[in-house]
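Student: Start from chain G and add chain R according to the hints.
Residue numbers (my numbering), protein chains in the order written: chain G, 1 to 206; chain R, 207 to 823.
If you're looking for bench data, these hints aren't it; they were derived computationally from the structure. Note that beta-carbon positions come from the ideal geometry of N, C-alpha and C, so glycine has one too. Mixed in with the good hints, there may be bad ones.
Unchecked claim - These stretches of chain G come out as covered by chain R in the derived footprint (C-beta under 8 Å, 3 or more residues): (1) 16-29; (2) 95-103; (3) 122-135; (4) 138-145.
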Amino acid sequence: MSAHSHVEGQLPHEPEKATLEGRNKILGFWLFLGAEVVLFGTLFSAFLALRDKVGDGNPTADELFNLSTVAIATFILLTSSLTSVFATQALHAGKKNAMIGWLIVTVLFGLAFLGLEIYEFAEYVHEGHGFTTSAFSSSFYTLVGFHGAHVAFGVLWIGLIIGQVLKKGLTVVTAPKVYVSGLYWHFIDVVWVFIFTVVYLMGKVG
Amino acid sequence: MAHAHAHTVKRYKGLMDWLTTVDHKKIGILYLIAGGLFFLVGGLEAIMIRIQLWKPLNNFVSADTFNELITMHGTTMIFLAAMPMLFALMNAVIPLQIGARDVAFPFLNALGFWTFFFGGVLLNVSWFTGGAPDAGWTSYVPLAGSTYSSEYGVDYYVIGLQIAGIGTLIGGINFLVTIINMRAPGMTFMRMPMFTWAIFITSALILFAFPALTVGLVALMFDRLFDANFFNVANGGNAVLWEHIFWIFGHPEVYILILPAFGIISEVISTFSRKRLFGYSSMVFATVLIGFLGFMVWAHHMFTTGLGPVANALFSIATMLIAVPTGIKIFNWLFTMWGGSIKFTSANLFAVGFIPTFVMGGVTGVMLAAAPADFQYHDSYFVVAHFHYVIVGGLILGIFAGLHYWWPKMFGRMLNETLGKLTFWTFFIGFHMTFLIQHFLGLLGMPRRIYTYLDGLGFNEMNLISTIGAFLMGLGTIFFITNIIVTAVSGKKAAGDAWEDGRTLEWTIPSPAPEYNFAQTPLVRGYDAYWKEKMDGHKEMTPAEPLGSIHMPSPSILPLFMSIGLFIAGFGFMYHNYFVGGGGLALTFLCMLIRSLKDDHGFHIEPDELHDKGVKA
Chain G
1 MSAHSHVEGQ
11 LPHEPEKATL
21 EGRNKILGFW
31 LFLGAEVVLF
41 GTLFSAFLAL
51 RDKVGDGNPT
61 ADELFNLSTV
71 AIATFILLTS
81 SLTSVFATQA
91 LHAGKKNAMI
101 GWLIVTVLFG
111 LAFLGLEIYE
121 FAEYVHEGHG
131 FTTSAFSSSF
141 YTLVGFHGAH
151 VAFGVLWIGL
161 IIGQVLKKGL
171 TVVTAPKVYV
181 SGLYWHFIDV
191 VWVFIFTVVY
201 LMGKVG
Chain R
207 MAHAHAHTVK
217 RYKGLMDWLT
227 TVDHKKIGIL
237 YLIAGGLFFL
247 VGGLEAIMIR
257 IQLWKPLNNF
267 VSADTFNELI
277 TMHGTTMIFL
287 AAMPMLFALM
297 NAVIPLQIGA
307 RDVAFPFLNA
317 LGFWTFFFGG
327 VLLNVSWFTG
337 GAPDAGWTSY
347 VPLAGSTYSS
357 EYGVDYYVIG
367 LQIAGIGTLI
377 GGINFLVTII
387 NMRAPGMTFM
397 RMPMFTWAIF
407 ITSALILFAF
417 PALTVGLVAL
427 MFDRLFDANF
437 FNVANGGNAV
447 LWEHIFWIFG
457 HPEVYILILP
467 AFGIISEVIS
477 TFSRKRLFGY
487 SSMVFATVLI
497 GFLGFMVWAH
507 HMFTTGLGPV
517 ANALFSIATM
527 LIAVPTGIKI
537 FNWLFTMWGG
547 SIKFTSANLF
557 AVGFIPTFVM
567 GGVTGVMLAA
577 APADFQYHDS
587 YFVVAHFHYV
597 IVGGLILGIF
607 AGLHYWWPKM
617 FGRMLNETLG
627 KLTFWTFFIG
637 FHMTFLIQHF
647 LGLLGMPRRI
657 YTYLDGLGFN
667 EMNLISTIGA
677 FLMGLGTIFF
687 ITNIIVTAVS
697 GKKAAGDAWE
707 DGRTLEWTIP
717 SPAPEYNFAQ
727 TPLVRGYDAY
737 WKEKMDGHKE
747 MTPAEPLGSI
757 HMPSPSILPL
767 FMSIGLFIAG
777 FGFMYHNYFV
787 GGGGLALTFL
797 CMLIRSLKDD
807 HGFHIEPDEL
817 HDKGVKA
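Isolated chain G, as found in the complex (with noise of 0.2 Å):
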């Protein structure tokens, strides 16, 4: 309530933390990610069951995946992951100029992953690869582009907090949100690891 009054100096270690508000948001969210695990888990199991399924003269996974495109789509993802981390530390630091930093190169980091996403699907389009092409591509447009959708929108979200935290300055009252996003983010670099490997390397190799 007082919070806005405090100064970046004077914030308690783990400011995420230090009020109830904060704590309930923080386990309110590792629910939420709970629930997201049933959700790509139910995605997951519909890809599996129907990505064989590509009906006649479409191209198969094996024939329109690049893998290097992909490849680089999870370095640039993955590394994200490590910016948010350092984010965080920041935040507990109580730096706030390096933390808006590292949220900003996440935030490109992720840019350029959506960037690179929609490059692909445009590609896999030009191949005859159409969200209504098969069951196979319904899937996975369905599977791949959740996830896009996700990154879009953890985009959006950090880039808002940035401009809270620009605005309010670190405080008990973003501290949290700033957290919660760095969650937010790694479980969707977790996903995108399930990703490259049930639907790419399995498409592939499999």
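Tutor: Relative to chain G, chain R alone:
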């Protein structure tokens, strides 16, 4: 009360108060009103189904309308009546039972209510826009696909449930965090009241079950609106996939419905037997185990799909296993009553009536779990009888017990006992009359979901009896509504400890509970915290904190507008008008943006403003 500590917050009155409230007690009442209205709609649909079936070759409604009626009856009762009424009791009782001033996320709590409400309204609008969903509440493909359901009906199902489902998931997360983080000092997990435990496990089930439904509905929506191929067999889709996704949500869903009823029954029976709940720890263990096993048995809805003998055998055994923890609960309730000085109030009548009724539903459940036998029962009235025994005979009797029990705490007045008993007997007898006979109809071979039957099959008399029973249940509901009106007009004012035998924290505060619940957070010294204090000769709880100013969250209109945005967006996408769809989503995101950027400082209630007589300075 309007004056605040550091920040002044606008307090609303009248309708605006209800539209902007973030108070869990008021949200509970909103859930009860909305859920109650949908219950009446679903009940009316049931009556119409029974009128159509009361004699052979009846033409009260057409076959098409009959399909709409059974689909909407099931969908409405489960998603829009039963769950919201449970959420009503959760909201009204859980924070009070754990000695908290509020839920963890008051704003999200309001959002959960409004999304449920607008999802439900959207679903029911379909009646007036050219036809309700008619592919059954399970909405199996290919029937629910665009080939066989080319009208908008199933679109309403897919989008309405999606919006309502958001509200449920939010509620589940909210109550998990509330119960984990906001218990009063001294209330360890193994001192939590049984209803709180039941809601805790239920919320966990919601958390892990609803996202599966989300994905299923998204996939079906993509198939219908954007020509995706998840379930389109011609393009490689798989119809059985829908069944798996639906039931991996759908089976935990039936435990989401019944576990809270178990919790209610535990509270009511213990209070009115004036005895500690028998086998509390085993009760907790059984609840957790049922919750866990609930996720392991979804394929027993699909025995006849052709999954093969190994899968069927495993799911068959897993299903029968659930009878063990459920049996533990039944015996614990019986042993709680054993030797107690039992008071048969209306609430307790419903609770005691629940026990044999639910056992009957459980026994047919084990019968259905035997895969080879299920091939005979499948899609017959035997199944209809079974799930109505567990859902109406279990859940609805539980909700009635809970409503009669906690009504004084929610509204500050005692429900009329005579009318309450009349409600019980008409509803209870009507229920058994409607559904007991349906077991035999099913065994004789009457299939479910048919809009009529031929004369001379031996179905006539039993269907007539069943229909008369349904009217009796309707009469019971009318008695209950009469009771609500009579009580609101001239009901007896309820004391804080309305039943005089209250065992848990909600009975330590005035009825209805003040806005801030507890003037001072109570110190919990054992299971049945209030009863323990009474037995030690105390009149009230020991406070765990000095009297001080109480922080409250501000009311907000945003949850309402966020839900209206989703409602508009749903229509836009359904009719392929992407401006409207995008506009609705934009409204929702705009509200989210405002919420995120504008800090809610809330307001404070100062000690001199507390109107709780029990307060010690």
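Student: Each hint needs a verdict: does it hold in this structure or not?
Tutor: Against the structure, the hints:
{"no.": "1", "hint": "16-29", "in the structure": "holds (count 5)"}
{"no.": "2", "hint": "95-103", "in the structure": "violated (count 0)"}
{"no.": "3", "hint": "122-135", "in the structure": "holds (count 5)"}
{"no.": "4", "hint": "138-145", "in the structure": "holds (count 3)"}
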